[in-house]
Amino acid sequence: AQSVTQLDSQVPVFEEAPVELRCNYSSSVSVYLFWYVQYPNQGLQLLLKYLSGSTLVKGINGFEAEFNKSQTSFHLRKPSVHISDTAEYFCAVTASGGYQKVTFGIGTKLQVIP
Amino acid sequence: DAGVTQSPTHLIKTRGQHVTLRCSPISGHKSVSWYQQVLGQGPQFIFQYYEKEERGRGNFPDRFSARQFPNYSSELNVNALLLGDSALYLCASSLGPTEGETQYFGPGTRLLVL
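Heads up: the protein sequence lines correspond to chains A and B, in order. Under the working numbering, the very last position in the first sequence is 344; numbers go up by exactly one each time. Under the working numbering, the very last position in the second sequence is 120; numbers go up by exactly one each time.
Excised from the complex, chain B in its bound form (with noise of 0.2 Å):
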């Protein structure tokens, strides 16, 4: 089975700019996070979505924001873009939405903001 994939690997903006960021979840998972590791930090939870609705979302500002499919597959979508923003972006999937389920990470994809 494939696991959680996710598009682009790469992506190189410039400020102001704004980027979609595209993840499809491994077949059956219901259950999308997004997260933003800065070089050098752990991941930081930004967005849950569950069945297309969000379920939760961490400190970030509103130029962050994410969207659900009916397939199941999610877009993050940042604005207005900082150099702060250079970051991988991780997707990660699970089954359901409760805290103590699996989620099944993506490879990320890498953004650099110049």
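Just chain A, with the same shape it has in the complex (with noise of 0.2 Å):
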């Protein structure tokens, strides 16, 4: 089985300022990356996913993630923030070798101050 790890439930940071939003992992076989933006009362959007190749992956909005195998981490970061990447984000990872079984983290709550 695998989980994951949100380090952080609410980060405010003001606008233009970088922010690194942490997100470990566990699993015992191969996993893919994912992660997922929600903005309030709507569905998940895909902002970025790992699943092989490059341990840099570039997203949209600005946001990368830096896949780290030895440290079962995969931190999103965005070099400047603005009001409108207020939102919730979590990280999710799946097991390679199965079905879609996608497990979430608990979620980050990302506020820009102006």
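Mixed in with the good hints, there may be bad ones.
[To be verified] Computed cross-link-like contacts, DSS-like style, restricted to lysine-lysine with a CA-CA straight-line distance of at most 30 Å:
id	chain 1	residue 1	chain 2	residue 2
1	A	Lys288	B	Lys36
2	A	Lys331	B	Lys36
3	A	Lys279	A	Lys331
4	B	Lys19	B	Lys58
5	A	Lys339	A	Lys288
6	A	Lys279	A	Lys299
7	A	Lys288	B	Lys19
8	A	Lys331	B	Lys58
9	A	Lys288	A	Lys331
10	B	Lys58	A	Lys279
11	A	Lys279	B	Lys36
No wet-lab data here; the hints were simulated from the structure.
Please dock the two separately framed chains into a single complex, following the hints provided.
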């Protein structure tokens, strides 16, 4: 079984400042990793995913994440945030070799302060 | 192209009743998954269906059931509703069933059980 830990429940950051949202995972098999964003009263939208290859993954809206196998981490970063980035962000993992049973973290609320 | 659609958007039921939630995937998508998102938590996997067959089931009681129709739309049924079933129910679709595929989420059905 796999699990995901999002280390911060809330992250306040000033507009145009950089941000990092932390995510650690555990799994006994190879994994695929995802970051989703959820705006208020909406469904989830995929920001980026890591399947294999380059450990630095670039996504939409200027976000990127780095897969670190030795530290079992997949932290999300953005060099300069905007007010519109205020949302909840979910890290998720699914094990390779199975079906689409995605395990989500509890989410990190990003609050961008003007 | 239309995204994933879900109906109804909101629903209020009382304990012991049953409920049917509906999902229409993106055109051409053959895989549908269902998730439950309790307030303040990340989504939890309930079912995955592909080509009308159940591919995976999460840790939910037998009161939860689902099916997929020949047009790839899907229904989630919950019997004998409990207060704890109050949640946002999300449907996601993807082209195929494999774990690395991008899942596209609908806006969800918000269920309140009184």
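Quick rundown of the hints versus the structure:
For the proposed pair lysine 288 of chain A and lysine 36 of chain B, the alpha carbon gap of about 27 Å is at most 30 Å, so the pair holds. This hinted pair checks out: lysine 331 of chain A and lysine 36 of chain B have alpha carbons roughly 16 Å apart, not beyond 30 Å. A C-alpha spacing of about 15 Å is found between lysine 279 of chain A and lysine 331 of chain A, which places the hinted pair at or below 30 Å, so the restraint holds. For the proposed pair lysine 19 of chain B and lysine 58 of chain B, the alpha carbon gap of about 28 Å is at most 30 Å, so the pair holds.
About 21 Å separates the Cα atoms of lysine 339 of chain A and lysine 288 of chain A, which keeps this hinted pair within 30 Å; it holds. The hinted pair formed by lysine 279 of chain A and lysine 299 of chain A meets the criterion: a straight-line CA distance of about 15 Å does not exceed 30 Å. Distance check on the hinted pair: lysine 288 of chain A and lysine 19 of chain B sit about 43 Å apart at the alpha-carbon level, beyond 30 Å; violated. With a C-alpha separation of about 17 Å, the suggested pair lysine 331 of chain A and lysine 58 of chain B falls inside the 30 Å cut-off, and the hint holds.
Proposed proximity of lysine 288 of chain A and lysine 331 of chain A is supported: the alpha carbons are some 23 Å apart, at most 30 Å. Restraint check for lysine 58 of chain B and lysine 279 of chain A: satisfied, since their Cα atoms lie roughly 27 Å apart, inside the 30 Å limit. Using a Cα cut-off of 30 Å, the hinted pair lysine 279 of chain A and lysine 36 of chain B holds, with the two alpha carbons roughly 21 Å apart.
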